[in-house]
Amino acid sequence: GIQVEQSPPDLILQEGANSTLRCNFSDSVNNLQWFHQNPWGQLINLFYIPSGTKQNGRLSATTVATERYSLLYISSSQTTDSGVYFCAVIRRGTDKLIFGTGTRLQVFP
Amino acid sequence: EAGVAQSPRYKIIEKRQSVAFWCNPISGHATLYWYQQILGQGPKLLIQFQNNGVVDDSQLPKDRFSAERLKGVDSTLKIQPAKLEDSAVYLCASSLSQAPYEQYFGPGTRLTVT
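Protein sequence lines correspond, in order, to chains L and D.
Quick note on the working numbering: the first sequence kicks off at 1 and runs consecutively.
Quick note on the working numbering: the second sequence kicks off at 1 and runs consecutively.
No wet-lab data here; the hints were simulated from the structure.
Any given hint could turn out to be false.
Stated by the list, open to error - Residues of chain L placed beyond 10 angstroms of chain D at every Cβ, according to the derived structure: (1) GLN14; (2) ARG58; (3) THR80.
What the hints assert, rightly or not - Here are the computed lysine to any residue pairs in the SDA-like style, where the Cα-Cα straight-line distance is at most 20 angstroms: (4) D:LYS44 to L:THR94; (5) L:LYS54 to D:ARG9; (6) L:LYS96 to D:LYS11; (7) D:LYS11 to L:TRP40; (8) D:LYS44 to L:LEU59; (9) D:LYS44 to D:ARG9; (10) D:LYS11 to L:GLN42; (11) L:LYS54 to D:GLU102.
Just so you know, even glycine gets a beta-carbon here, dropped at the ideal spot from N, CA and C.
Please take these sequences and the hints and turn them into a complete structure.
The structure is reproduced here in structure tokens:
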């Protein structure tokens, strides 16, 4: 099956810092989503981005489908950004969402 | 538009007891998913419904887990009897029934089995 690896596994930042999270996947996909799982366990949709670049406030994401990776950028981080960030993909020809290994982000004041 | 609703948010039971979770998907979403998320891991798909039919239940431990979606809208997931290793967050998600299958998740139910 498709492999989805995220890096770094853990990230500790001070408030105001910028960060880049990476997601590598091993096969062609027709769906890629980024989620933020908050400390209460809820998965919040950040981006649906199978290719190209999108921005939403302090967050932006870029997926280069031909090279099989996606990047999530967080600028001017805030303590509320803490939690686990997952990317998840659907391999072309299937309808199953496969989650990556996650990046745990802690932002300190 | 209203999101995916789940209840209860938290549940604590003793091993060998039974428990049920409820999910109401986003209006118009024909596909409904139940995931189990063990602490420190990504969500794992348990079962997928299309309308009121099961599409995939290959990862559902059928000796103790059951799920139904009788009218093609809301769904219940039941565990009977519960084991200690069932302690997890149970997430419900929904999507339209055609590509790209963008999924939206509910707030989850955190189950603790003692």
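Each hint, compared with the structure:
1. Here GLN14 of chain L stays apart from chain D, with its beta-carbon at least about 25 angstroms from theirs, past the 10 angstroms limit.
2. In this structure ARG58 of chain L is separated from chain D by more than 10 angstroms, as the shortest Cβ-Cβ distance comes to about 22 angstroms.
3. THR80 of chain L, annotated as away from the interface, keeps every beta carbon of chain D farther than 10 angstroms; the closest lies near 17 angstroms.
4. Distance hint between LYS44 of chain D and THR94 of chain L is fulfilled; the C-alpha atoms sit about 16 angstroms from each other, no more than 20 angstroms.
5. For the suggested pair LYS54 of chain L and ARG9 of chain D, the alpha carbons sit about 32 angstroms apart, so the restraint of at most 20 angstroms is broken.
6. Taken as a hint, the LYS96 of chain L and LYS11 of chain D pair is broken in the structure, with Cα atoms around 28 angstroms apart against an allowance of 20 angstroms.
7. Note on LYS11 of chain D and TRP40 of chain L: the hinted pairing holds, with a Cα-Cα distance of about 14 angstroms set against a maximum of 20 angstroms.
8. For the suggested pair LYS44 of chain D and LEU59 of chain L, the alpha carbons sit about 26 angstroms apart, so the restraint of at most 20 angstroms is broken.
9. Among the hinted pairs, LYS44 of chain D with ARG9 of chain D is consistent with the structure: their alpha-carbon atoms are about 19 angstroms apart, no more than 20 angstroms.
10. As the CA atoms of LYS11 of chain D and GLN42 of chain L are separated by approximately 16 angstroms, the hinted pair is consistent with the 20 angstroms bound.
11. A distance of roughly 16 angstroms separates the Cα atoms of LYS54 of chain L and GLU102 of chain D; the hinted pair therefore holds under the 20 angstroms criterion.
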